[in-house]
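Number of protein chains: 2
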Amino acid sequence: MTTTSDRPVETTTNTTTGTAGTGRATSSALHHEAAEGRVDVAWLSTHLLGRWADLRASARATAGESAFHKIEGQSKEEHRERVLEQCRALAAKGQVHLAFPERLGGGNNPGANLAGFEELVAADPSLQIKAGVQWGLFASAILHLGVEEQQDRLLPAAMDLSVPGAFAMTETGHGSDVAAVATTATYDPETQEFDLHTPFRAAWKDYLGNAAVHATAATVFAQLITRGVNHGVHCFYVPIREVAADGTAGAFLPGIGGEDDGQKGGLNGVDNGRLHFDHVRVPRADLLSRYGAVAEDGTYSSSIDSPGRRFFTMLGSLVQGRVSLDGAASNASKIGLQIAVTYANQRRQFAGPGTDEVVIMDYGTHLRRLLPRVAETYATHFAHDRLLDLFHSVFSGEQDTPETREDLETTAAALKATSTRFALDTLQETREACGGAGFLTENRITSLHADMDVYATFEGDNTVLLQLVGKRLLSDYARAMKGITPGGMARYVVEKAADAAMHRTPLRRAAQALADSGSVRRAAGHLREEETQRALLTERVDAMVEEVALALRPAQKADPVKAAEIFNQHQVALVDAAKAHADLLRWEAFTQALAGIEDEGTRAVLTTVRDLFGLTLVERNLAWYLINGRISSQRARTVTSYIDRLLVRLRPHAQDLVDAWGFGPEHLRAKIASGAEAERQDEARAYYRALRASGDAPVSEKSQKKAAKRA
Amino acid sequence: MTTTSDRPVETTTNTTTGTAGTGRATSSALHHEAAEGRVDVAWLSTHLLGRWADLRASARATAGESAFHKIEGQSKEEHRERVLEQCRALAAKGQVHLAFPERLGGGNNPGANLAGFEELVAADPSLQIKAGVQWGLFASAILHLGVEEQQDRLLPAAMDLSVPGAFAMTETGHGSDVAAVATTATYDPETQEFDLHTPFRAAWKDYLGNAAVHATAATVFAQLITRGVNHGVHCFYVPIREVAADGTAGAFLPGIGGEDDGQKGGLNGVDNGRLHFDHVRVPRADLLSRYGAVAEDGTYSSSIDSPGRRFFTMLGSLVQGRVSLDGAASNASKIGLQIAVTYANQRRQFAGPGTDEVVIMDYGTHLRRLLPRVAETYATHFAHDRLLDLFHSVFSGEQDTPETREDLETTAAALKATSTRFALDTLQETREACGGAGFLTENRITSLHADMDVYATFEGDNTVLLQLVGKRLLSDYARAMKGITPGGMARYVVEKAADAAMHRTPLRRAAQALADSGSVRRAAGHLREEETQRALLTERVDAMVEEVALALRPAQKADPVKAAEIFNQHQVALVDAAKAHADLLRWEAFTQALAGIEDEGTRAVLTTVRDLFGLTLVERNLAWYLINGRISSQRARTVTSYIDRLLVRLRPHAQDLVDAWGFGPEHLRAKIASGAEAERQDEARAYYRALRASGDAPVSEKSQKKAAKRA
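Keeping their order, the protein sequence lines are chains D and A.
So for the first sequence, full-length UniProt numbering puts the first residue at 1; every next one is plus one.
So for the second sequence, full-length UniProt numbering puts the first residue at 1; every next one is plus one.
Derived from the structure by calculation, the hints contain no laboratory data.
Small disclaimer: the values here were computed from a predicted structure and weren't measured.
Each hint should be verified, as a subset may be incorrect.
The list treats identical chains as one, so a pair stands whether inside a single copy or across any two.
The calculated DSSO-like cross-link candidates involving lysine-lysine, where the alpha carbons are at most 30 angstroms apart (straight line), are [as the list claims (entries may be wrong)]: (1) 471 x 557; (2) 76 x 706; (3) 471 x 93; (4) 482 x 557; (5) 671 x 702.
Could you build the full structure based on these sequences and the hints that come with them?
Spelled out as C-alpha cells, the structure:
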C-alpha cells in the first residue's frame, strides 16, 4: 500500500473536473465497507490518456473549446453550416492530418490520429462524423485505394477541405452487403473512360455524409466491368458538383442527381444524402488503382489474384472507422456516467433515518444501475487501447501481415459492436437515473443518445459484424481441428464426451455443491480469483464455438437450401458466441491493464472494479454456466450477493472512478453535474436547519395526532 | 378449426393497412413450419379495439388526420404553438371531455376517455402529453380534488381550454417524494387567504407542461399550514399569468416567476417550465377542498382522519396518468414493430441459395429480435385492457372501494413501469432492425423513441413505482402470514424448509433430469402447457416475495439506521419481485384474453404467441429457475430450442400479427413501411432477371477464373 490509501475519503477533492463530489462521503445513513486502496485521480486520469497522451490531451482540449460545441436546438441547416466551419478550423489546426503521408504534410501516425479523432465526440458527435467522412473515409479512400500519383494529385484538396467529399459506398438497396452494390462502372476503350451508372432506384447511393449539400466530389464504389467481365467492387474518384467562386458547392454536374436524407434521429450537423449517376463518364486515371487497374485497351490487372481476397483487402484498408467508433462510444459512455454519478452524489430524495434525505447514489438500486456500467466502461476503455495499438502497428507498417490485419478486423468488429450497443444502453440508463432532469437537453444525455444511436448500425451493422466475428471463431476452430491426426481426433472425441459428462451431469454438480456447501464466503472468494474468472469466460467461448461448429457440420454435405437453413438456425448462437468472445477480450484487456497501474492504491480499487466486471459477465450468463455445469447452483447463488458486496465496497470510490476519465465541465456540459444540485440541496438543508432552530416550524399533523394519542 | 385455417398463407392480403406484405410468403429459401391456424386480421383488429371500440376507433381516426400529426424538424416554438392549436381542435371536438361530469357537458365515462386519449400518441406524443396536462392533470385535479362548487366554477374554462393550466406538483428538489415538496401555503385568518411561498431554489416547481408559455393558471401543490400545524400536501387553484384580450397568456402575475425548461430530449411540442411564488395570496375558496378544508378562522377539517391515507387518496385520484401512459406505451411499441416487421418482410439482403436475396425477416437473428417483442406487445395490450376495466370500474363508481383503488394503483404502477421501459427497448431494437433507414426521421422510429423517453420517469419514476409494487406484495404477504395461527406457523415453517430442500437440492434436480432424459420433445411439450407456465411464473413471484420478506425481518427489531441499511440491501430484490409480478399479470391477462378469441384459427396462432411470451419470460429468468430448482438443467436446455421452434412456426404470421393492431399508413408514417421497399426490390430483381435473359450480363471474374481452372 502506498500512502494514498491512507488518505481519508472525505477530504479528497476532485482534481480534474471541478465538479465537487460533495455527496461522496456525506451518506451518513449508510455504512460503507470501502474497497482497499484509494484512487489517485490525477495520476489515473493522466495514465488513461494512453500511448499518445499529449496528442489526445490536445484533442480533448480542442473538444472543450466552445467554438466546437454543439448548439442544441439549432435547425439542421444551421447545424450543418456550423459543423462545416468547425471542420475548416480543424483542417487549419492540422489535427486531422496526422494519418496522412509526411510528403503531403501529414504526420504518418495513424494511431495518434484516431486517438485525437475520437475525442471530438465530446464536442459534437456530428463534428466527429463529418470529420470522419472527410478525412477517415473520403480522403482515406484516396490514400489507401489510390496509387502515389493519385494521392499526390487528389489528397491535398481533400486534406485541406477545399474539396469536401462524400464516401459513396452504401446504396439504398445494399448496406451490409457491399459486394452486391448495383452501381456499375463499365470501361469504354474508345474514350478511355468508365461509364458510371445507376441501373435502378435501389442502387442510389444513400446515407452519405456531405452528399446532401457540401460535397463537390465523391469516392464512388461500383462494379468494375471491362471486356465483358465484372471484376467486383472498385472505387472511383468523381467530381459531383460545380464549385462556386468562393469554393462552396454549387449545382450537380451533368448526369448526377441526388436527394437530401433530411432530418435524422441525431447527427443533424451532418448533411447525409443520396446520389445517383446517369452514364457519367469517369476518366480511366480516376479509378483508384492500387488494387486493380485497367489498361488503355481495357485489360484488367491486380496485384491480388483472388477477387474475394482483393475485395476484403480494399474494405479492410478502411477499418479505421470502426476502430474510432469504438473509442468514441467509450467516451460517450464515460460522459453519461460521469454526469449521472456526479448528480447521484449530490441529489437527495426521501427521508433517511436521520434528518437529512438520502443521497441517491447510496440506494441499492442506484448502485446496481450505475456501478457495473462504470466497471464495464473501464473494460471498454482498456480494450480500445489494445485495439488502437493493433491498428497502429498494422497501419504504420510496423507489423503489417495478413494475420495482424485479420486480427485487427475481427477485434475491431467485436469491440465496435459491443461498445456502441453498450454506449446506447448506458446513455439510456444514465438519463433515467437522472429522472426528469435527465430528459432536459441542458443536461446533455438525451442529445448524446440521439447522436450516438446510429453508431450501432453504421460502419457495419452490429449484428452483421458479430456474425463476421463468429465466422472467424469458427474458422479458427476448424483450423485447430485440421491439425489433429485421425488418432488425435478419436482421443479428442472421447475427451469431449467426458467433458460433457463431467460438466452436464447432476453428479458433478452434486459434488461441487457438496464442496461449496455452507461456505458462501469461500465460494465467493473463489469467484474473485483472476484464474477462475478467466477460466469461466474462456471456457464459455470455447464451448459455444464448438457447439455451433458441431451443429453446422451437417451443412457441409447438405444441398444449398438445406445448408442455408442449418446456418440460419444457428445464427443466433453464432452471434452469442461472438459476444462472449468480445466479453473475454474486454476482460483480458482490463486484467492486462492492471499490471500497468503503478499506484498500488489505485490498482487495488481497479482490481475490485475488474472483479465487478468479471462477475457481472458471469451473472449475465448464469443460466449458461448452470446448464453447462460450469457453476453449481450453490455457487451461482453467491454470484449476485458477491456483486452486491463489491458494489458497496466500490461505492466510496464512485466519484473518483468517473472523474479519472478526465472530462471537465467543458466536456460534460450538464447543469445537473455542475455542482448546482449540491448548492440547491445545501440551501434546502440550511433552511430546514434554521427553521428547526427558530422554534417557528409548524408541527406536522401526524406528530400532533401521535402526541394527542399518547396524552 | 374454422375454414380460415385452410386458406393458403400466400393469398391472404393485408386488409387493414394497405402495406402489402409482399415478402411474407416469398421466402423461397427457407421452409416454414407454420403454426396451426391463421390470423383473421380484420376480425382481430376489430376485436382488439376493446370495450369502447367505437370511441377508440374514432380517436384513432382523429390521430390519423394530418392536422394532428407532428411535423418533424420544427423548432420548439413552432411545435408548441402547433400543439396548442391541436388541443383547441380537440376541445372543440369534445373528445377530451368524456371523463367530466355530464352536468358540465362531459360524458362521465372515464374508461372511454382514456381509451381515446392514449390513441393520440400515434398523432404526436407531444399532443398526447399536452392534452394530458390540460385535461388529465390540471382539469382532473379540479375535478377530483375540488368540491362541486369549485368544479362548477373552475372546470368549464379548463375543459374548453380558455384557461390553459399547469399541474404544479413536482419541484426541482422533489420529484418522486411528493410528500416532501417544500412549497408552503400558510393560512392567514386576517385576510382569509393562503400565503403561497417558495422558500428556496430547490422548491421551484419544475418540468410542468404548459408552464413555460401557455398556462394562465395552475393547480399548485403545497404544504397546507394553518394554526401552526402542517396538514400535508394540498392542492390550490392559482392564476399565474395575465390573460391578453385575445385569451392568450401574458406576463406573470405579481409574485410569480418562472423559467422555460427549454429544449428536451423529445416532446418539444410541450412547453415545460418552472414556477416559483413569492408570498402569493390565494383566496381560501381556492384551496381545492374535497379532502381537506380550512374554515374562516383557520380550523382544518377533513373527511379522512389519517394524514397519510388522505395524502395517498388525493394522489390516487390522479392515477389515470399512469393508466394512459401504459396504453400509449403499448401503442408506441406496436407502431415500431409494425414498421420494422413490414420493412423486414420486404427488404432483402445477401444472396440466398437461389437467385434472389434473402428477405431479412427470414433470418434467425431477425426473428429473435422482433417476434418475442410482438408477443410481449400482445401481452402488454391485453394487460392494459384489464387495467382500463379496473380503472373504469373504480372511477365510474361501479366498484369504488379502498381495495379496488389499491389494486388499481398497484396494477397501474406495475404495468406503467413495465410497458414504458418495454416501449423504449422495442423502439431502439426496431430502429436498429431497420438499419440506417431506421435512423432517418422519415421512418418515424427515432422520433417516437425521443418522445417516449420521458415516459419512463414521469408520472412516477419506474424504479420508484416498482418499489411501490414490491411493498404492496410484501404487505399482502404479511397479511397472509398474519392469518396463520402459531401452530399453523410452525407447520408453515416446516413446509417451507421442506420446499427449499425439495427445490434447491441436487437430489431433486437429479430425479427430474432423469425423468426428462433424452426426451427433449416431451420436456418442451410440458413447457408449452398453460399450467406449467402459470406455475413457473407464479412460484417465482411467491418465492421472491417471501425471500425478501424473510430477509427484511431483522429490520423490524433494528435501530433506524440499521433498518434502513437492511431495506437498502434488498431494494434490488424487491424491484425484481415487482417485475416478476408484472410479468405474471401480463401473462395472465394474455391467457385470459385467449378465451375471448372466438375465431379458432386466430386463437390457435395467438396461443402460440402466448407460449412464446411465457417461454421468453422463463428464458429471461432461467438462472433463477435453475438455482431455485424449479427447472432441471436438462429441461432448461430445451427452453431456448423450443422458443426457436415457436419463432419458425410464427414466422408466416408475423405480418398478420402486427397488421392486426390496426394502425394504418396514416399512423405509421414511415416511408420504409409504405411498400416503397418492396417496389424497389421488385424493380431490382426484374432488372437482373432481364439482364440474365438478355445474355448481355457481364461474367464475374470469379466464375471466369473457376471456368479457366476447369479447362
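Results of checking the hints against the structure:
no.	hint	verdict
1	471 x 557	within (18 angstroms within a copy, 59 angstroms between copies)
2	76 x 706	neither (61 angstroms within a copy, 51 angstroms between copies)
3	471 x 93	neither (42 angstroms within a copy, 59 angstroms between copies)
4	482 x 557	within (18 angstroms within a copy, 66 angstroms between copies)
5	671 x 702	neither (37 angstroms within a copy, 59 angstroms between copies)
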